[in-house]
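Q: Chains as they are written, first to last, in our numbering: chain X, 658 to 769; chain D, 277 to 387.
Rather than coming from a laboratory, the hints here were simulated on the basis of the structure.
Hints may contain errors.
[Claimed, not checked] Examples of chain X residues lying across from chain D (beta carbon under 8 angstroms, computed):
1) MET688
2) PHE690
3) PRO696
4) ILE720
5) ASP721
6) LYS757
7) PHE760
8) GLY763
9) LEU766
Note that the structure is predicted; figures quoted are calculated from it, not measured.
The C-beta atom is built at its ideal place from N, Cα and C for all residues, glycine as well.
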Amino acid sequence: SAVISQKPSRDICQRGTSLTIQCQVDSQVTMMFWYRQQPGQSLTLIATANQGSEATYESGFVIDKFPISRPNLTFSTLTVSNMSPEDSSIYLCGGDFNEKLFFGSGTQLSVL
Amino acid sequence: DAKTTQPTSMDCAEGRAANLPCNHSTISGNEYVYWYRQIHSQGPQYIIHGLKNNETNEMASLIITEDRKSSTLILPHATLRDTAVYYCIAGPGGATNKLIFGTGTLLAVQP
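All chains, please: the whole structure from these sequences, using the hints.
A: Spelled out as structure tokens, the structure:
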């Protein structure tokens with residue numbers, strides 16, 4: 658299995674600012690993922706991040722709003738840019754390890 | 277990816293087996309059945325997956341019908357810590373980025 662550490666675990670931010678979420682895996686993984694989980698709802702995939710290439714974004718998500726870095730096989734960041742209250746959500750990172758998804762514990766973001 | 281249908285919620289008595297059903301009548305031949313669960317305030321956790329044979333691991337058993345149109349996840353001796361949302365997902369093997377999480381079943385284990 659793989660252990661994924663995600664930080665911060667929660668934050669309260671002002672409208673118009675940006676927040677960068679970090680995700681560290683204890684094993685090398687080819688694919689890492691970023692999901693959003695809005696209150697009371699299921700997970701929605703934002704993008705897939707592979708090392709050395711630009712992230713692949715799902716419909717409805719764009720790089721300008723959610724820039725992603727993937728500098729090596731154990732680390733990724735997601736930035737939520739120019740935040741609005743609609744961005745209040747839980748953001749989860751995940752990694753593919755032995756064809757199974759492993760997740761961090763999530764970042765609960767509240768935008769005022 | 278095939279769509280799955282699960283009950284919104286279920287109750288189970290502590291110590292008893294929890295049987296969680298899932299319908300996936302449009303599953304294609306190369307799609308696996310995956311089960312994940314999400315305990316409150318945590319990220320989802322992988323439980324088990326299978327293609328057509330029944331599978332068992334230290335967490336649970338997965339029973340897939342012969343026509344593969346439905347499956348059941350069995351937690352043999354449910355504990356209070358098994359209270360969670362359980363997601364049944366039908367998706368291609370080796371393509372975790374294609375797994376689509378639905379709304380799942382909220383299993384409440386009662387003391």
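Q: If a hint holds in the structure, say so; if it doesn't, say that too.
A: A quick look at each hint next to the structure:
1. Against a cut-off of 8 angstroms between C-beta atoms, the interface hint on MET688 of chain X holds, since the closest Cβ of chain D lies about 6 angstroms away.
2. Look at PHE690 of chain X: its Cβ gets to within about 6 angstroms of chain D, closer than 8 angstroms, so that hint holds up.
3. Interface restraint check: PRO696 of chain X against chain D, minimum CB-CB distance 12 angstroms, threshold 8 angstroms, status violated.
4. Taking 8 angstroms as the C-beta contact cut-off toward chain D, the hint placing ILE720 of chain X at the interface is violated, the least distance being around 17 angstroms.
5. Taking 8 angstroms as the C-beta contact cut-off toward chain D, the hint placing ASP721 of chain X at the interface is violated, the least distance being around 21 angstroms.
6. Annotation: LYS757 of chain X was flagged as interfacial toward chain D, and the flag holds, the nearest CB pair being 4 angstroms apart, inside 8 angstroms.
7. Evaluation of the PHE760 of chain X hint against chain D yields a held restraint, the C-beta minimum of about 3 angstroms falling below 8 angstroms.
8. Look at GLY763 of chain X: its Cβ gets to within about 5 angstroms of chain D, closer than 8 angstroms, so that hint holds up.
9. For LEU766 of chain X, the interface hint is violated, the least distance from its beta-carbon to any beta-carbon of chain D being 14 angstroms, above 8 angstroms.
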